[in-house]
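All chains should be built: construct the whole structure from the sequences, respecting the hints.
The residues making up each chain are set out below.
Protein chains: 2
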Amino acid sequence: MSITPAAPDSVVRAFIDERRSGFLSDLAEWLRIPSVSADPERAPDVRRSAEWLAGKLKGTGFPVAEVWETDGAPAVFAEWPSGDPGAPTVLVYGHHDVQPAAREDGWHTDPFEPEERDGKLYARGAADDKGQVFFHTLGVSAHLAATGRSAPAVNLKLLIEGEEESGSPHFPALVRAHADRLACDAAIVSDTGMWAAGTPTVCTGMRGLTDCQIDLYGPDQDIHSGSFGGAVPNPAMEAARLAASLHDEDRRVTLPGFYDGVAELTDEERTLFAELPFDEEAWLRTAHSHAALGERGHTTLERVWARPTAEVNGIGGGYQGPGGKTIVPSAAQLKLSFRTVAGQDAEKIQQSVREWVADSLPAGIRHEITFWGATRPCLTPLDHPALQSVARAMGRAFGERIRFTREGGSGPAADLQDVLEVPVLFLGISVPSDGWHAPNEKVELDLLFKGVETAAYLWGDLAEHWKPAEPALSDAGPSEHAES
Amino acid sequence: MSITPAAPDSVVRAFIDERRSGFLSDLAEWLRIPSVSADPERAPDVRRSAEWLAGKLKGTGFPVAEVWETDGAPAVFAEWPSGDPGAPTVLVYGHHDVQPAAREDGWHTDPFEPEERDGKLYARGAADDKGQVFFHTLGVSAHLAATGRSAPAVNLKLLIEGEEESGSPHFPALVRAHADRLACDAAIVSDTGMWAAGTPTVCTGMRGLTDCQIDLYGPDQDIHSGSFGGAVPNPAMEAARLAASLHDEDRRVTLPGFYDGVAELTDEERTLFAELPFDEEAWLRTAHSHAALGERGHTTLERVWARPTAEVNGIGGGYQGPGGKTIVPSAAQLKLSFRTVAGQDAEKIQQSVREWVADSLPAGIRHEITFWGATRPCLTPLDHPALQSVARAMGRAFGERIRFTREGGSGPAADLQDVLEVPVLFLGISVPSDGWHAPNEKVELDLLFKGVETAAYLWGDLAEHWKPAEPALSDAGPSEHAES
Chain U
1 MSITPAAPDS VVRAFIDERR SGFLSDLAEW LRIPSVSADP ERAPDVRRSA
51 EWLAGKLKGT GFPVAEVWET DGAPAVFAEW PSGDPGAPTV LVYGHHDVQP
101 AAREDGWHTD PFEPEERDGK LYARGAADDK GQVFFHTLGV SAHLAATGRS
151 APAVNLKLLI EGEEESGSPH FPALVRAHAD RLACDAAIVS DTGMWAAGTP
201 TVCTGMRGLT DCQIDLYGPD QDIHSGSFGG AVPNPAMEAA RLAASLHDED
251 RRVTLPGFYD GVAELTDEER TLFAELPFDE EAWLRTAHSH AALGERGHTT
301 LERVWARPTA EVNGIGGGYQ GPGGKTIVPS AAQLKLSFRT VAGQDAEKIQ
351 QSVREWVADS LPAGIRHEIT FWGATRPCLT PLDHPALQSV ARAMGRAFGE
401 RIRFTREGGS GPAADLQDVL EVPVLFLGIS VPSDGWHAPN EKVELDLLFK
451 GVETAAYLWG DLAEHWKPAE PALSDAGPSE HAES
Chain F
1 MSITPAAPDS VVRAFIDERR SGFLSDLAEW LRIPSVSADP ERAPDVRRSA
51 EWLAGKLKGT GFPVAEVWET DGAPAVFAEW PSGDPGAPTV LVYGHHDVQP
101 AAREDGWHTD PFEPEERDGK LYARGAADDK GQVFFHTLGV SAHLAATGRS
151 APAVNLKLLI EGEEESGSPH FPALVRAHAD RLACDAAIVS DTGMWAAGTP
201 TVCTGMRGLT DCQIDLYGPD QDIHSGSFGG AVPNPAMEAA RLAASLHDED
251 RRVTLPGFYD GVAELTDEER TLFAELPFDE EAWLRTAHSH AALGERGHTT
301 LERVWARPTA EVNGIGGGYQ GPGGKTIVPS AAQLKLSFRT VAGQDAEKIQ
351 QSVREWVADS LPAGIRHEIT FWGATRPCLT PLDHPALQSV ARAMGRAFGE
401 RIRFTREGGS GPAADLQDVL EVPVLFLGIS VPSDGWHAPN EKVELDLLFK
451 GVETAAYLWG DLAEHWKPAE PALSDAGPSE HAES
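Sequence order for the protein chains is U and F. Quick note, the first sequence lines up with residues 1 to 484 if you use UniProt numbering. Quick note, the second sequence lines up with residues 1 to 484 if you use UniProt numbering.
Just so you know, the hints here were simulated from the structure itself, not pulled from any lab data. Treat the hints loosely; a few may be bogus.
As the list claims (entries may be wrong) - Result set (DSSO-like, lysine-lysine): computed pairs, CA atoms no more than 30 Å apart in a straight line: (1) U:58 x U:467; (2) U:120 x U:56; (3) F:56 x F:120; (4) F:348 x U:325; (5) F:120 x F:58; (6) F:348 x F:58; (7) F:325 x U:348; (8) U:325 x F:325.
This is how it looks when you write it as structure tokens:
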């Protein structure tokens, strides 16, 4: 494999500066397409957005740029082979659909008429996610210019879906259907953010999820609590006992085997988390919550990023109207979700839930459990060469030390991981103040161009430092040795 | 006080037999009035029912028989002074309104066209409660005939309300407004039943009730369980923890002080309960329940009749629709009811609940508690002279040993006890198969006339054996010495 020596970073910056206004005017054109996937009336706009992007990617130089149909909104696929034998293959993920937006929601300007103001570009989709998809176009061009190559140093693929803001209902099927063309060595998700403008970070993983509903049935109908109360099992009480018994006094999850295989935070990771300028008061405001509470022995960031949890999402049973009603309810339900981390096995957790419920309930309470499914966690170790490349490229662009974060939620990234069986990396330049899903969404132009620059450095760095055929890739699944 | 020696019981029976057909034809006339208090269109019928009864009581000989207005349906009050100085004063309670009934609900005959069949009288209200009110008319006539008196041996008062089937919304106000005219030494409630046709019983008390709603507030809005779950307090989880912590492993109530002052069952009472021919399988069918469960060390009958309980009547919080929703809910609520027994103090229990909730919740969960009120328990000791008279009179009528029961529910009887400050006795001849509130309600004619006969013996027995001025009456309130 031959890599053309890269030009100095100043050359890259000069190239990007030169293209700046054309790039922004192209992005604005895309942002003017109101590709709201949640609104059926906008379906033609979502399609127009896909076609616009495919055309722009062709214009950028991608030899392949196609609109892919799904049972819902179309996605865009593009591919640009490196030509270098043994070059890593990278799949960039993003989405071209956007959240709904209307002027009357509190926008200062038309959400679909981008406006540049004070170094920020305001428009629906500016950060989530068109801006972050689009920086890859100028990024790859800068990469080529800086290296003198006619094709990227990696085999570059893009998959930009059109239904992320609607829950990606057809995304797993899409990935499965095109698994051969999507084959890669790593997926890079550009649909996340970083800690803050002055604190560039790379996300290293997301938690998994498995959630369920437990229905409990006691008496065949609501019965009089005077005549029968205190002498028959009460399903609302049993639902409460189940939920309450999920945690011990240290707020650790009591479900048998729940922590089996959990990838514990390394001292290095804990130190890196602790070094982040975390303001718990500010975080609580974001959470709309009035106190922090969780597993003893862990900080708030560790709890939401790296610890598995059990949560009651809903509970209901008996009379919930105004006033009192003296009944023993006939039925109750409990909705539970479990966030998982690398090393945990959702199927084992589901089985443990089934056994725990069956063992916990008294005679006279019948139950049914429905699991809605499972999303696997993903986690890339800090020393993974591809992750190191992302951090290095970002560090060059930002001129600062890159720190590491994780994401507490679970997302379509896991579908890429599971179907394609590759590690998932995250490259995002959005910041919390960008207003995702809110009025006056914006992207910081300075950060947007840092994204372009990061992409410009990344492909060369990856090709130089990563031989994906060599090391076995961590896929965040349970290792066969991790049973303690 | 002079009591005319009573005629032999055979004379009483002969007198009743002679009046049997007239009595039944009068009762049928009353049952034809569809006095459904729940149906506004039946309001004129409820009034007609009251007027019919007042007229019939006058015809029976009551010198006073009045229709009393309330803010809802009218009640009937009647009074027949004994004339004997020092005679006990007794107030009979019942109701003249009935549950709704329609042929299409499954009635074999018109619910408001009484039909005698196989020794039973079928009609809405036959047992609940017109039949049980009406046996007092022929009862007092038989008492007079048997004793040769021109007025009853006790000062006899009747209060027959018209809204019992609608929750007696105006009954407490009615009793308070007329407390002077209702003044008595004991109230006798004829709106209950006995164990079974072959097992005549007297109820000796009802449980009290205090119930509340506990609202819990966590985050100011539902928040994402991926981003925040496991790191902030969850009000649905806290509602579950509260409910679950209400009982220990023996299903005893853990609320501090809850059992303070509880009137424990005596060995005699436990033995008497245990002697009842209790069929738990049949009881479970009545309860529509599939198992018995309650306080360890007590039988099912003890649990529902004589033990205080805590019950979850309703619980709700978070998402309860179809499927899953990965949120930490913003709020949750818990509806709890506490059944109390003699010796317990509802106000102390309410205070204990307030302290328990405040002490149990973590920072970040705000709460509000609303109590809907409190109904006091009532309990008449087995050796109370008036209770002994009721059992003796019933024993003469039935020719069988009378056993004792209690009632797990709470009812308007408690208003009589609380406002008039008198013991409450129960005299009912209905059996569980009578179908209260159900289609094809009936009264067993044999038992109905046992009721007449009991009433015929009761007033003479009471006057002879009870000097109410003498012993201090148990009012089932907390004694000042019962703090252990």
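Hint check results:
no. : hint          : in the structure
1   : U:58 x U:467  : holds (28 Å)
2   : U:120 x U:56  : holds (23 Å)
3   : F:56 x F:120  : holds (23 Å)
4   : F:348 x U:325 : holds (22 Å)
5   : F:120 x F:58  : holds (28 Å)
6   : F:348 x F:58  : violated (46 Å)
7   : F:325 x U:348 : holds (22 Å)
8   : U:325 x F:325 : holds (28 Å)
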